[in-house]
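*Asks:* Single-letter residue listing:
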Amino acid sequence: MTHPIITVDHLGKYYKLGRSPEKYQSLRDTLARQVRRMRRGLVGKRRTSPSLDEGFWALDDLSFSIQQGDRIGVIGRNGAGKSTLLKILSRITEPTTGEIRIRGRVASLLEVGTGFHPELTGRENIYLNGAVLGMGKAEIRRKFDEIVAFAEVERFLDTPVKRYSSGMYVRLAFSVAAHLEPEILVIDEVLAVGDAKFQQKCLGKMQSVSASGRTVMFVSHNMSAVANLCNRGIVLDRGRLLANTDCMEALNLYNSQIDQSVFTAEQNRDAPHIRQIELDQAALQAGHLKVRVRFHSPWPLDPPMIGIVVSNLYGTPLFGSNPNLHSVGFNPQKLSEGEAVMWLQDLPLHSGTYKLSVWLGDQHQNYDSRQDALTFEFMSPRFIPNMPSVDVIGPMHVPAEWSLVSHGR
Amino acid sequence: MGYPSPELVITAGRAQRHYWQDVWRYRELFYFLAWRDILVRYKQTAIGIVWALIRPFLTMVVFTVVFGRIAQLPSDGVPYPILVFAGMLPWQFFANALSECSNSLISNANLISKVYFPRLVVPTSAVIVSLVDFFISGFILLGLMVVYHFVPSWRILTLPFFIAIAFAAAMGTGLLLATLNVKYRDFRYVVPFILQFGLYISPVGFSSTVVPAQWRWLYSLNPMVGVIDGFRWAILGGDAQLYLPGFAISTGLVMVLLWFGIRYFRAYERSFADVI
Chain U
1 MTHPIITVDH LGKYYKLGRS PEKYQSLRDT LARQVRRMRR GLVGKRRTSP
51 SLDEGFWALD DLSFSIQQGD RIGVIGRNGA GKSTLLKILS RITEPTTGEI
101 RIRGRVASLL EVGTGFHPEL TGRENIYLNG AVLGMGKAEI RRKFDEIVAF
151 AEVERFLDTP VKRYSSGMYV RLAFSVAAHL EPEILVIDEV LAVGDAKFQQ
201 KCLGKMQSVS ASGRTVMFVS HNMSAVANLC NRGIVLDRGR LLANTDCMEA
251 LNLYNSQIDQ SVFTAEQNRD APHIRQIELD QAALQAGHLK VRVRFHSPWP
301 LDPPMIGIVV SNLYGTPLFG SNPNLHSVGF NPQKLSEGEA VMWLQDLPLH
351 SGTYKLSVWL GDQHQNYDSR QDALTFEFMS PRFIPNMPSV DVIGPMHVPA
401 EWSLVSHGR
Chain E
1001 MGYPSPELVI TAGRAQRHYW QDVWRYRELF YFLAWRDILV RYKQTAIGIV
1051 WALIRPFLTM VVFTVVFGRI AQLPSDGVPY PILVFAGMLP WQFFANALSE
1101 CSNSLISNAN LISKVYFPRL VVPTSAVIVS LVDFFISGFI LLGLMVVYHF
1151 VPSWRILTLP FFIAIAFAAA MGTGLLLATL NVKYRDFRYV VPFILQFGLY
1201 ISPVGFSSTV VPAQWRWLYS LNPMVGVIDG FRWAILGGDA QLYLPGFAIS
1251 TGLVMVLLWF GIRYFRAYER SFADVI
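Chain order of the listed sequences is U and E. Each residue of the first sequence is one higher than the one before, starting from 1 at the first, in the working numbering. Each residue of the second sequence is one higher than the one before, starting from 1001 at the first, in the working numbering.
Chain U on its own, in the form it takes in the complex:
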């Protein structure tokens, strides 16, 4: 076993509340607090009110190690501590407890185009951004052509980047960072922007970075990107380490962790409404979609009509169903309270994150709708090696058939 390239040992990061990045103290507040404290001191109550110093552990006793050449996907819900971990690794903020040992140069890309100045041209920004990320002038000059070629912005090199399209901007920014050649590359959710072709290119670049023996740490909410790129996964939950394991295993664990399989709405006595939406996780893991929708109405609906639409993360509807469209097995009846179940054998989707919206109505009108009530991660049980990105071929898995006929002699 080789020596790990990164060793994290009992790492903790404590944030005081009210010291969140958006809020800054004003001198007046501090003075006022001091005066209050002094007055309290005079009266004899020594203790400061605990609410002032309340905080939370963004990272809590985290220990793991990473081997050289690994591509690690860091996954977890919002607020799990992913970004804090990356910030500490990149030395932007320091830990409260514990330590990290790193053997090698770390380059981090926590945001696309950090240090880019909109008024400066592409050429000027390459130098500026390179310097900010820790490259020397000579190094940037050496790699300049390569960076420009990768970003495909040759024609706009002398245009201020404020006139760039967002795609060009991201391409240029990623390109500078990708040419850093660090031993460890840390990337936070930067592929969310940029077009599909470029995302493919970035993933390819990261793959080649790790193929040359360097280590990549990658945070993304795009599970298919993580599945594509990474060979290991670290799952965080509320600042704690859930797993440091093989990537697929980590993704499965994370999916089973997402407690978004039930949506419950508030009661409403006056109008027909959706009470609860439940997604069957066991069915989902087997590749099927099973949704239960409980409803309630002050008067009987004849018959109650439930509509379900599945859309991608960007909100584009992919498909929908209701008992009018798919009436086989549906037994219409007057009901004021009940449950409708939709069963879809072999969900025709590739792996990814999807959203579910639900409508309630009767034959004539809609009464209630819950847009994007649930978000779910779907890991397709069909493993397709070298699958093109969902962003290129679309999310639908269709049962197409191919044959090959020789027209040779």
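Just so you know, the hints here were simulated from the structure itself, not pulled from any lab data. Some clues are possibly wrong.
[Claimed, not checked] Label-pair restraints from in silico Cβ distances:
#	chain 1	residue 1	chain 2	residue 2	range
1	E	R1188	U	L253	45 to 53 Å
2	U	M396	E	A1012	44 to 52 Å
3	U	E119	E	Y1189	24 to 32 Å
4	E	A1012	U	L31	26 to 34 Å
5	U	E119	E	V1066	32 to 40 Å
6	E	A1267	U	D29	20 to 28 Å
[As the list claims (entries may be wrong)] Each computed DSSO-like pair below joins lysine-lysine, with the alpha-carbon atoms no more than 30 Å apart:
#	chain 1	residue 1	chain 2	residue 2
7	U	K16	E	K1183
8	E	K1043	U	K162
9	U	K143	E	K1043
[To be verified] Computed from the model, here is a short list of chain U residues facing chain E with C-beta under 8 Å:
#	residue
10	I88
11	E99
12	R101
13	L110
14	G115
15	E119
16	E124
17	Y127
18	L128
19	A131
Bear in mind the structure is a predicted one, so any value in this text is a computation, not a measurement. Ideal Cβ placement from N, Cα and C applies to all residues, glycine included.
Given chain U's structure and the hints, the job is docking chain E onto it.
*Replies:* Coordinates of chain E only, in the frame set by chain U:
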């Protein structure tokens, strides 16, 4: 497996043994940030760099009229415009540097919260930018010398020494205010006030010889008094005298300020990303 790069240890309150080494490694960033600020400043301006000349020139004209003509203050035997300008050069450098420096961390907040580099680079670059402006407006002084047929003596060669003191004064105060500004945005409003006030209590529009001799030492508690007197001594030559005890007090104060500024900055530097 051998590894070329040294092991980096990240812990709470790490004694940054490699800090100055890191500052050296990032030395090109000083240049790049300053270069960015200068480029950006004059982009989309019609007359560009000329702005760096117009402001000090007009101020000099006003001061000459007000203090030289109207108030009839003594000029120590040199043309009043040159007397004023020799004092205004360091003062404008100090004023610009201080206001740029104290705002530098805030205006580069996105950098600080997203990338690692020795934070000292940011305020230092801001002062370097002002130094560039200083050299540009130095040409006005040359112009004035030509117009008034004024030939400086050998003392002009000591000018770099006084520039260094001005730089130290701006850095020390700037670091202090920049750090405070991150924690308490109130200091955004304090700085313009300091500068406005400072312009009148520093010998910019007049020579410090107008201050009664028994109070000169007290007057020298303003660090800029030493700097400006030094500039005048070096540039004007001839009769201009350097009041040595006062100069020593000013310079000593500048050094204390610089030392304290760096210490204060270093102490809070680690929490910038969390607070800013």
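*Asks:* Holds or violated: is the Cβ of E119 of chain U closer than 8 Å to a Cβ in chain E?
*Replies:* 5 Å, holds
*Asks:* Close enough to count: is the Cβ of E124 of chain U nearer than 8 Å to one in chain E?
*Replies:* Hint holds; E124 of chain U Cβ to chain E Cβ min 7 Å, cut 8 Å.
*Asks:* Does L110 of chain U meet its interface restraint, that is, does its C-beta lie within less than 8 Å of any C-beta in chain E?
*Replies:* 5 Å, holds
*Asks:* Holds or violated: is there a CB of chain E closer than 8 Å to the CB of R101 of chain U?
*Replies:* 5 Å, holds
*Asks:* Is the gap between the beta carbons of R1188 of chain E and L253 of chain U within 45 to 53 Å?
*Replies:* At roughly 48 Å between Cβ atoms, L253 of chain U and R1188 of chain E fall inside 45 to 53 Å, so the hint holds.
*Asks:* When the nearest CB of chain E is found for L128 of chain U, is that gap smaller than 8 Å?
*Replies:* This hint holds: L128 of chain U lies near chain E, its Cβ roughly 5 Å from the closest one there, short of 8 Å.
*Asks:* Holds or violated: K1043 of chain E with K162 of chain U, Cα cutoff 30 Å?
*Replies:* 13 Å, holds
*Asks:* Quick one, is the E99 of chain U hint okay against chain E at 8 Å, beta carbons?
*Replies:* 4 Å, holds
*Asks:* With a cut-off of 8 Å, does the beta carbon of Y127 of chain U approach a beta carbon of chain E closely enough for the hint to hold?
*Replies:* 7 Å, holds
*Asks:* Are K143 of chain U and K1043 of chain E close enough, with their CA atoms no more than 30 Å apart?
*Replies:* 27 Å, holds
*Asks:* Is it true that the CA of K16 of chain U sits at most 30 Å from the CA of K1183 of chain E?
*Replies:* OK: K16 of chain U and K1183 of chain E at ~14 Å, within 30 Å.
*Asks:* Go through the hint on A131 of chain U and say holds or violated, using the shortest Cβ distance to chain E against 8 Å.
*Replies:* Status holds, d = 4 Å.
Going through the hint list in order, the structure satisfies each hint without exception.
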